[in-house]
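Student: Letter by letter, the chains look like this.
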Amino acid sequence: MSAIVPALIGMILIAAGYFFYSKFIAEKIYQLDPNFETPAHTLRDDIDFIPTNRIVLWGHHFTAVAGAAPIIGPAIAVIWGWVPAFIWVIGGTIFFAGVHDFGAIWASVRNQGRSVGSLTGDVVSLRARTLFMIVIFFLLMMVNAVFAVSISNAFVATPSSVIPAWSAIVVAVVIGVLIYKVKVPILWPTIIGTIILYAVIYLGDQVPVSLPETFMGLGAAPQWIIILFVYATVASLLPVWLLLQPRDYINGIQLIIGLGLLFGAVFIANPTMVAPMYNTVVPEGTPPLLPLLFVTIACGALSGFHGLVASGTTSKQLNKETDARFVGYLGSSGEGLLALVTIIAVSAGFASLGEWQTVYSEFGGTIGISTFVAGGSQIVQDGTPLSREFAATLLAVMAVLFAGTTMDAGVRLQRYIIQEWGTIYKIPVLQNGYVATFAAVGACLALAFGAGGTSGQGGMEIWPLFGTTNQLLAGLTLLVISVMLVKLKRRYIFTLVPMVFVTTMSFAAAVYQLWDLFTSGSYVLMALDVVVIILATFVILESWSAFTREKKAAAASPG
Amino acid sequence: MRITWADIKKKVRWVAYWASEAYNAPYRGMVARAKREQDDLFMLLIFSEMMGVPNPATYYTLELQPIMLEKFHEWHKRAGMEHSPLDDFRCC
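The listed protein sequences correspond, in order, to chains A and B.
Per our numbering, the first sequence starts with residue 38, numbered consecutively.
Per our numbering, the second sequence starts with residue 320, numbered consecutively.
By construction, these hints were calculated from the structure, which means they are not laboratory data.
Worth double-checking, as some hints may not be accurate.
[Stated by the list, open to error] A few chain B residues that don't get close to chain A, going by computed Cβ distances all over 12 Å:
#1 331
#2 338
#3 346
#4 350
#5 369
#6 372
#7 373
#8 379
#9 381
#10 382
#11 385
#12 386
#13 390
#14 395
#15 406
[What the hints assert, rightly or not] Under the rule of at most 25 Å between Cα atoms (straight-line distance), these lysine to any residue pairs were calculated in the SDA-like manner:
#16 B:330 x A:524
#17 A:524 x A:534
#18 A:463 x B:356
#19 B:354 x A:469
#20 B:390 x A:84
#21 A:218 x B:390
#22 A:220 x B:349
#23 A:463 x B:348
#24 A:524 x A:61
#25 A:65 x A:52
#26 B:396 x A:84
#27 B:390 x B:350
#28 A:218 x B:340
#29 A:220 x B:331
#30 B:330 x A:95
#31 A:220 x B:336
#32 A:218 x A:275
#33 B:390 x A:276
#34 B:330 x B:349
#35 A:60 x A:148
#36 A:218 x B:346
#37 A:60 x A:45
#38 B:396 x A:79
#39 A:589 x A:68
#40 A:220 x B:328
Glycine included, each C-beta is placed from N, C-alpha and C at the ideal position.
Given the sequences, and given the hints that come with them, work out the whole structure.
Tutor: Structural data, given as structure tokens:
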């Protein structure tokens, strides 16, 4: 089958989801009011609360939520065949992610722009709020570990991406200094920075860099993991204007260029989907599709992390309540498109079924960014004048930069949480920024190595566990929205069904993995999985109790 | 259709506006908060003598107090104090 077919069908369905389903949700369920004064106006302080143009806000929301995860998840999940991944990405984007992101903005806007975590305490219970904080902490820990492993795998698989990926940091710092300190207007640094970035990609292509095969008993991949955590430690302690802000901006530009290039190349090259539609001969050790598919692809179909962005920053900048649909629903639609193009790249970017099967010879392993790069670069070569090597470097750099930015933002957030614990539990040493950062990085590093990163072969075993935690967070956000709808006596089925579905799938996946991790001897991950199962159990019990309580209360109240 | 310099300039300004918004909007709050923290530290230096903290540069910082009046008022409101906490510096 031509890859244009799924590309076109996916794009049409996502567009239909925006024009019809999100309109229905906006008008009938969330009942957005164009005259409602949003917190950006009522609480305006020009710091957190500031009315922002909806297109700018959409760009911000989209680039904040789209990262390396919608690339890695679908790349792994195609092992079950491309159709299940396609259905979950498209269906998930339309009925789950869109409603979740959009709903998180709405819930926050209707509650003085407060974050979902804080709302959980009021709307559901204080217990649920504690649960929310614990889930976030584990999620951040796993994000940092899993992305460090992914980047290291990408550096080993595509040595040409090493120079451009690290040069991007230098470019970002120079842009940051020029704009913030020298006060240069933004246009020139943008143009020159982008040109330098792509010129360095060419240079990287000519000068690939590989670390020694072993150094002090560590392979190349674990060496990279250590270097990346040293980088993340330093980067997370720098002021945001110096590195994080310009890097995010560069990533946004790269994302738009990369997405355009890939979709354009698919339509010009018209490759064939060589991967099986439904893979009946999965490699040994591959877990069952049900429930693992629904946690392997989290970002790209549904992700709890989006709720944090939606209610943490986006809701405080919403100019009109009706903009929530455009920003939230279309933001997740953009991410769905990135996941879609990844599915196409890893299904149609190989010459034959045999070649595809060689790549997908085991579940997880080194599949991820490098698979996306291998498949995507072939399609770009066929559809554009660019060489395969150049395209491979370009795509690898794009994915590595995403994962890198998420890592340094993740370490920064974890530092805040540890510092907050230091304040709550009166442990002065934890309030120190450096101590908190080292504690955060230490935990993530232990997890990355405990998850098999030392071998340089695996490490991606942790991926489904990360997806499970992410989905639990999404379940909690959907619970908050559903309870709000019950209180308002509106139809809650459109948020409750996704909530029940993801929470059940997450629980089932965590239980399945427990046995799997026990037999493979991954005891660190097994311990983590036990924690996830306990968390999932509490989420289910808490949801049940909150829901029945609110339903009774709503039935008893008049009107 | 003739394209004039004015048209090009207009387009460039339009692109620059969007680029600047894309760059600044996500971090506006964070940068403004960091700036506010620096301003608060500066204010602490200016008012340190009044709070019993010796300041060798009082001679100079005293001159700055009237200039800081408005910011001081904003600060004590933000800190949850209805009126100025300093007896010798009544801003409201």
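Student: Checking a non-interface call: every C-beta of chain A should be farther than 12 Å from the C-beta of residue 381 (chain B). Is that right?
Tutor: holds (30 Å)
Student: Does residue 52 (chain A) lie within 25 Å of residue 65 (chain A) when you go C-alpha to C-alpha?
Tutor: holds (19 Å)
Student: In terms of Cβ atoms, is chain A entirely out of 12 Å range of residue 406 (chain B)?
Tutor: Holds: least Cβ distance 29 Å, greater than 12 Å.
Student: Hinted pair, alpha-carbon criterion (25 Å max): residue 218 (chain A), residue 390 (chain B). Please report holds or violated.
Tutor: holds (24 Å)
Student: Assess, step by step, whether the Cα of residue 589 (chain A) is no farther than 25 Å from the Cα of residue 68 (chain A), and give holds or violated.
Tutor: holds (23 Å)
Student: Measure nothing beyond the straight line between the CA atoms of residue 330 (chain B) and residue 349 (chain B); if it is 25 Å or shorter, mark the hint as holding.
Tutor: The given pair, whose Cα atoms are some 30 Å apart, is violated under the 25 Å limit.
Student: Does residue 276 (chain A) lie within 25 Å of residue 390 (chain B) when you go C-alpha to C-alpha?
Tutor: holds (24 Å)
Student: Can the restraint linking residue 390 (chain B) and residue 350 (chain B) be considered satisfied, given a maximum Cα separation of 25 Å?
Tutor: holds (18 Å)
Student: Compute the least Cβ-Cβ separation between residue 372 (chain B) and chain A, then decide whether it is above 12 Å.
Tutor: The claim stands: residue 372 (chain B) keeps its Cβ more than 12 Å from every Cβ of chain A (closest is about 21 Å).
Student: Going by Cβ atoms, does residue 379 (chain B) stay more than 12 Å from chain A at every point?
Tutor: Per Cβ check, residue 379 (chain B) is outside 12 Å of chain A; nearest 26 Å; holds.
Student: Assess, step by step, whether the Cα of residue 218 (chain A) is no farther than 25 Å from the Cα of residue 346 (chain B), and give holds or violated.
Tutor: holds (16 Å)
Student: Far enough from chain A: is every CB of that chain over 12 Å from the CB of residue 331 (chain B)?
Tutor: violated (7 Å)
The structure shown violates the earlier hints numbered 1, 2, 3, 4, 16, 23, 34.
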